[in-house]
Amino acid sequence: MSEAELAHEHHHAHHFASANDEFEACKQGMWVFLVTEVLMIGGLFVAYGIFRGLYPEMFHEAHKMLNWKMGATNTVVLILSSLTMVLGVTATQRGRRTQAMGYLLVTLLLASCFLVVKYFEYTHKIHDGLLPGGFFTNAELKEVPKVSLFFSLYFVMTGIHGLHVIIGMGLIAWILKRTANREFSPHYYTPVEMVGFYWHFVDLVWIYLFPLLYLVG
Amino acid sequence: MATHAEAHAGLNYLNHTRGLKSWLTTLDHKRIGLMYLYSVLVFFLLGGIFALLIRLELFSPGQTIMSATTYNKVFTYHGAIMVFMVIIPAIPAALGNFLLPILVGAKDVAFPRLNLASYYVFMAGALFAATSLFVNQVDTGWTFYTPYSIRTSTSVILVLTGAFIMGFSSILTGLNFIVTIHKLRAPGLSWSRLPLFCWALYATSIIQVLATPVLAITLLLLIAERVLKIGIFDPAIGGDPILFQHFFWFYSHPAVYIMILPAMGVISEVIPVFSRKPIFGYKAIAYSSFGIALIAFIVWGHHMFVSGQSELANFVFSLLTMFVAVPTGIKVFSWVGTMYRGKLRFQAPMLYAMGFLELFTVGGLTGVFLATLSVNVHLTDTYFVIAHFHYTMVGGAIMGFMAGLHYWFPKIFGRMYSEKAAKWGFGLVITGFNVTFFPQFILGSQGMPRRYWDYLPEFTWLNRLSTFGSWILATGLFFSAYYLIKGAISGKEASANPWEALTLEWQTPSPPPHDNFAETPVVTTWLYEYRDQEPVVSA
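Top line first, the protein sequences correspond to chains A and B.
Every letter in the first sequence is one number past the one before it in our numbering, and letter 9, counting from 1, is 9.
Every letter in the second sequence is one number past the one before it in our numbering, and letter 269, counting from 1, is 269.
One thing to keep in mind: the hints can contain errors.
Under 8 Å between C-beta atoms, here's a sample of chain A residues computed to sit facing chain B [unchecked claim]: (1) Pro132; (2) Gly134; (3) Ser152.
Now the stretches of chain A that chain B is said to cover, found in silico as 3 or more residues with beta-carbon under 8 Å [stated by the list, open to error]: (4) 15 to 24; (5) 142 to 149.
Rather than coming from a laboratory, the hints here were simulated on the basis of the structure.
Backbone N, C-alpha and C fix where the C-beta goes; we use that ideal spot for every residue, glycine too.
All chains should be modelled from the sequences, with the hints used to inform the complete structure.
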């Protein structure tokens, strides 16, 4: 069956006047959802700003324990994944199914790559006792007052971001499977575009996290 | 059309499919609204029982029926249940879900599956919170202030998780409503013709979407505080407990407008219908909802005047708080202006709307007292504050909910309740409410602190009066439950438009068919054109 024929198979939900209305509604809904995400993550940035304002020297000392090279690698990885994601969306819109699958697969691989780097970073921190608040045991930094707060923020912020990456990977895998099942066409690609929105948002958060945590100096 | 056939066959949203499964998996906004309604009413009963226990304990000084520790738990659950599980979802999730799509002439909300999901998310959150009742009941107060909430051995995490999950439901409902209002309005239903209840729900949704995520992160950080000892709110590690208060009130102050704005929307619908006059100041009422929503976000610091925040912050928050009175005043005067020289019909919905006007005005004005710094220092954490917010939350939100429930009852159930019983019920509710809470203004101004299990002997008679009031209020509410249930089961059948109203929900049968309308309605006029005590366009 050709993809043009498949396009006619997508029936918009009965309460929408047309498929385009449905698409516009989904897009608006997704934007509103991303606003809620910004507000949620925003709370963390506020906490970061307040404690950095209170203890600037401590932040400076503590950030030296983060490996900026790994952070930078992950930044490049995520930006690349944003590129492949948008290429995947465009390929879907143009009906190039195989190409789209390739791009989505690369996006998924880059996301896994991000998590692997993150895994090494975390294990290293845990090994050195650079842990949040009450669990902090690192001897080197013990003399710096309130230093454990930095690692509380580090783990909570990157942890919540990491969770978003994992959810994003699930979503990408889901649209990949649906693409493989020939469910999308130039006439219907709403889920692909929405997952794309979400993925760019996840990248964007990291683009703020990287300088704030790794490059404080 | 199928719906035509359905209507002829006497089929409606209640009976077009049958069986428990057809309800539990329904995507119909009307059924989901009804499921919310039943759930909220059960939680209202639970929260109400806790309220009665509080009042019973305070019947006499010293121990009356429970220990001080138990008392702490009882007021915590009363507050948490009433806020998160009753007042926040009562009007938007129950009545709003049922009515919003019909009011805009749509077949459903924009995302029906998300709508059902948000119901289950809500129930999952409620389940977490309820589980804590059987494990190790929380005693922090509904505000979860740090550092006590970090130290207490009670099951704070369960309740926090519950509130966190319920927050998602609130966000998803808000998101759904915003998109529905933007994208699914019937032909001809321009923004300037949109019913005021929809405007109110829109403003509410904006607050839900913008404020709730901040609560989410706050509760998440508090959970992390207990599990990972992150110390952000813990002064022992260098954290800041006041930051928790800032975060908490950044959500929880706007949240009181999540509770009151929908009630104001209901009042805006009821008053013109029962005054037989066009609503006065339509645009002013619509925009003032947004005025309230906007100011809602910049006044949170008035909960923290004695927390040690800077003098300047106190001054600014005090000033901004007083600005809330402006859009609120615009609404109240517009409603009174609508009633002026109208042909008033004193039926149950109108009685509750007028009850709202009386109680909410008292609640709102005492809010201005509390916004005044010098007065606030004296009244902070006294019963004056309790009386103030019960006049707004019960006198405002619950009265609005009752007005809406009575107004739309015939539409929802297709039957009428007994008008005579409803009048008695209203009399009991309004008397009971005032007898319960008015004495608390006096107690508070005399210095009786809130959340105390004991009090000085000279406060006894006012406390007893308040407790007597709580019994009258409870009797009124139980009586209302009785005649409403009786009406829903065996009341006389309601016509499509028993109140002779003009908005779209009354232009379709009671109860509405599965698809709401036989044909998509086309709106050609403003929907508040009541002239010479008669509607210009008849149903």
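The hints, checked one at a time:
1. Pro132: holds, 4 Å
2. Gly134: Holds: closest Cβ of chain B sits about 3 Å from A:Gly134, inside 8 Å.
3. Ser152: For A:Ser152, the interface hint holds, since the closest Cβ of chain B sits about 4 Å away, which is under 8 Å.
4. 15 to 24: Holds, because 4 residues of the segment 15 to 24 of chain A bring their Cβ atoms closer than 8 Å to Cβ atoms of chain B.
5. 142 to 149: holds (count 4)
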